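Taken in order, these protein sequences are the chains called A and B.
Take 1 as the starting number for the first sequence in my numbering and just add one per residue.
Take 1001 as the starting number for the second sequence in my numbering and just add one per residue.
Errors might be hidden in some of the hints.
[What the hints assert, rightly or not] To spell it out: a stretch of chain A is covered by chain B in this simulated footprint if at least three of its residues, at any positions, have a beta carbon under 8 Å from a beta carbon of chain B; those stretches are: (1) 4-18; (2) 58-69; (3) 98-109; (4) 135-144.
Just so you know, these hints were derived from the structure itself, not from any lab.
These numbers were taken from a predicted model, which means no experiment stands behind them.
The beta-carbon is built from N, C-alpha and C at its ideal position, and this holds for glycine as well.
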Amino acid sequence: MSPFWPRLGRQIGDAAFALLPTLRYARPEKNDCSGEAVVARGLAAGARVDGPAAFRAADFSIPCGCRTALIGPNGSGKSTLLRVLAGLVPPQAGEVLVAGAPPALGRSRIAYLSQRPQLTEGFPLLLRRLVQMGTYAHHGWFEECRHGEAAVDQALAQLGLTELADRPVHALSGGQLQRALIARAFVQGAEVLLLDEPYAALDAASREIIERFLFDQGHAFTVLMATHDPADLARFDRILELRGGAVLTKHACSGHDHRHA
Amino acid sequence: MLDLLLEPLSEPFFVRALLAVALGGVTCACLGAYVVLRRMAFVSTALTHSILPGVVGAMLLGFSPYLGALAAALLTAGGAAWLASRKGASEDSAIGVMLSVMFAAGVALMQQANSWRDFAGLLFGSVVAVGAADLWVIAATAVGVLFGLRVLHKELELASFDEEYASLLGARPGLMRMVLLALVALGAVSCVRLVGALLTTALFVIPAATGVLLGRTVPQVMAWGVACALAGGVSGLYLSYYLPAVPSGAGIVLCCAVPYLLARLFAPRR
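Chain A with its partners taken away, still in its complex shape:
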């Protein structure tokens, strides 16, 4: 077939897009974290808004660039806290600021990676497209994915996924998928990275790649990671412990900005 028809099709498609206004999913925010990345005062929350609270009166803050571990026994509310900060669950009481504003959906500065991402099984999607979804935060409605290619390439390379970019998502191993999801969060350009036990069920190789990515590269982001692994804790600047409905802080981050450390 001559290239005429595909080209005509693409031109009609482009014309269709040109007819429509560009609407952001949410107001764009600048990434210029200064001071505190997360501040919570008297925060109470439960897995459901009208359910019992997992923790009450939590007061803590996390400085920008600080890598923080979130520990505590099962059911202590680690996942709930992360989901509150991501804007997925409203708090029951108290106030909380993430990157200078209350958590809400549609905030590109906050990236959240669930413990068990609910991905549609067998969905026809290539790994590269999955990572590209992070750039949607900088696109809007009715817009074809046009920019952010360089960031996607960089994230793929740093997480060791360049070779796998054209693999279907459902053919990836658990570790490869987890790396792809972290790459997607990075491509989103988030300031605050909320990770819920990202190492669960990973092999050593994937885990090492992710650790290197999060800790050794001096990226400009704040990490709050739920973890059960005591061997992990030495890597973090600060430890938040959820116990008996309260938040305890250990090893406070020193005052300087860890991004430039």
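With chain A's structure known, arrange chain B on it following the hints.
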């Protein structure tokens, strides 16, 4: 052999039906990709069956059957969403309730009319039923639905693959679901003349299911689905033309099943 293919083309009604099945097939195959990938086959069945009371009611009252069908389909979608919105209610059973209630209402309305025969075409499709005005409705629907799928492609894909990430970005997966249901209702309404209320759902499911076996990305699934729908639709019409006992809807669905079976047997395992 060539004469067998060319002879029906001298009949204007057959040409109209061919155009209708091409436009409707493309529309339904593209929409069907999302219907199949999101496991919405049951709700699409409910939407297509609920067209029946809409069309019959509109005929009895004397206004456009398309408006009646669209109203009934939207009522079904809204009703199922409302029934399922109560805590602890399953969406599955809500759809089942709406499906059977609407279809029963359609059967009751049909008894009010004079004969069942008028409605056989409505249930199973009829090649001769497509008039010039119907063709315009089908074409306009195809343009509208394909335009909607094109401009919302990235949001629909994201919301269908990872609903939580879609809400985190602010891409409104709940809204996308409703948009998709509305598009499915539109597509179903436009195909009902040709394929019939009972079988329209097959146009959503079978071509797209074939596409899922063969495609690696959503656009590829749609492309394979369109190919399957066109091949099945055109050969189904010929079947129905030469075997008048086979209603066009039945012919189209049977012929669509052939590429699906071939893909199921011979597609490489992914």
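Each hint tested on the structure:
no.: 1; hint: 4-18; verdict: holds (count 3)
no.: 2; hint: 58-69; verdict: violated (count 0)
no.: 3; hint: 98-109; verdict: holds (count 4)
no.: 4; hint: 135-144; verdict: holds (count 7)
Going down the numbered hints, you'll see the structure goes against just number 2.
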